Amino acid sequence: MIDILYFAWVRERIGLAREQVDTQAATVADLVAELRAREERYALAFSDLSALRVAVDQDLTDFDAPLAGAREVAFFPPMTGG
Amino acid sequence: MIDILYFAWVRERIGLAREQVDTQAATVADLVAELRAREERYALAFSDLSALRVAVDQDLTDFDAPLAGAREVAFFPPMTGG
Amino acid sequence: MRIVVQENPFDLGAEANAFASGRTDMGAIVTFSGVVRDDPAHPLRQMVIEHYPGMTEKALEKIAAEAQARWSLGDALVIHRFGPMQPGEMIMMVATAAPHRRDAFEAAEYLMDYLKSRAPFWKKEQGVEGDAWVAAKDEDEDALTRW
Amino acid sequence: MRIVVQENPFDLGAEANAFASGRTDMGAIVTFSGVVRDDPAHPLRQMVIEHYPGMTEKALEKIAAEAQARWSLGDALVIHRFGPMQPGEMIMMVATAAPHRRDAFEAAEYLMDYLKSRAPFWKKEQGVEGDAWVAAKDEDEDALTRW
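Chains as they are written, first to last, in numbering that gives the first Met the number 0: chain A, 0 to 81; chain B, 0 to 81; chain C, 0 to 146; chain D, 0 to 146.
Next up, chain A with everything else stripped away, as it sits in the complex (with noise of 0.2 angstroms):
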């Protein structure tokens, strides 16, 4: 079980701030095909990749960084602070 987490308008697009999902993904484009194939909304928010940035357990990474091991994924846009 991996936890995913949604930001910024990833998480109003799928309409969750926070799930629960059990994968065998072995790398994160492969969680992304697999999200995509669910719903709409899925397919929809991740339609454009490269308007995506992604975290792995706190730190970013690419989407090809791999998932063994990992307890959270997080999918944001690029960010704006400060």
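Honestly, the hints are just simulated from the structure, not real lab data.
In silico lysine to aspartate or glutamate, EDC-like type, Cα no more than 16 angstroms apart, as pairs:
hint	chain 1	residue 1	chain 2	residue 2
1	C	Lys57	A	Asp58
2	C	Lys61	A	Asp56
3	D	Lys57	B	Asp58
4	D	Lys123	B	Glu11
5	C	Lys61	A	Asp58
6	D	Lys57	B	Glu71
7	D	Lys61	B	Asp56
8	D	Lys61	B	Asp58
9	C	Lys123	A	Glu11
10	D	Lys57	B	Asp56
11	C	Lys57	A	Glu71
Output of the computed footprint for chain D on chain B, the stretches with three or more beta carbons under 8 angstroms from beta carbons of chain D:
hint	stretch
12	0 to 7
13	52 to 61
14	65 to 79
Note that the structure is a prediction, hence the values are computed from the model and not measured. By construction, the Cβ of each residue, glycine as well, lies at the ideal position given by its N, Cα and C atoms.
Given chain A, put chains B, C and D in place with the hints provided.
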């Protein structure tokens, strides 16, 4: 008559903060030559012009600046504010 | 080094004084503060900042530690708010203390550049014409290339 | 734009708050403050700053006006003390307000670089080993070439 002001170690070396001089010097350099000729302490203070800065009527300028109409000339070392 | 992520307002003056006080080895103190800006052409009701609790603190600590490793810093401070705030309110501040001014300035700019694009905060503007997430700017991403 | 040359101490926090308050059009506020630094190897009793009354204000106003002309600044503040001060005391501060952070940072650095080498202040360090005028540094003169 021109007011001449000295600051920092120039003031200490000459032993004066300010004096009035009656001069026909055409440029700052001419004025410096007159002052140098006066006494040892002036010669000492003005021995290395590259270590000095000059302001005419409160504007930084060069040693070849003309003195026509000037009311106030100040000599001092490079500034160290901030 | 102090990293604070909070919903409540903070007092720039009090924080700056506390940061600067009692140091005789640091000649230079720089502060930056970010303020919610209003645009008369598109009046803002409020700004809401969302963040990623846990990762935010971790990301800010990493950025501040990197700044301390790259410059001769005596100390660094980052305060960043989340939640709703009105035009004119302070969003965040950073402060740096260094023996010399160049280090203090560069480290503060570095903190700001990284905080802007690498700490998980997202701004939403709620205006009289509707709500919109603030888009990241290419120039903010480009700013990282100079470090 | 406010230029202050005074002998008395000033309060960084109060000045920063007053400078930052009431603005909704400026997203970025930068402050720099310079502190009298002690050197354990050559303990300092006090620092005394001499200046050129009249020219000082004129030079600072010119530097600040130039900064306002070169960057999109909403406001600028310069406070510089003269007279005797102890290690840890604030010597001076500048503050800049701009819509965006890069302008606020650059203008503050510009103010500092010019103030350092073009405003008529001279520092004398009075230490337990004797008194010495602080020598201008080549790097401070060189800093002007980047503008």
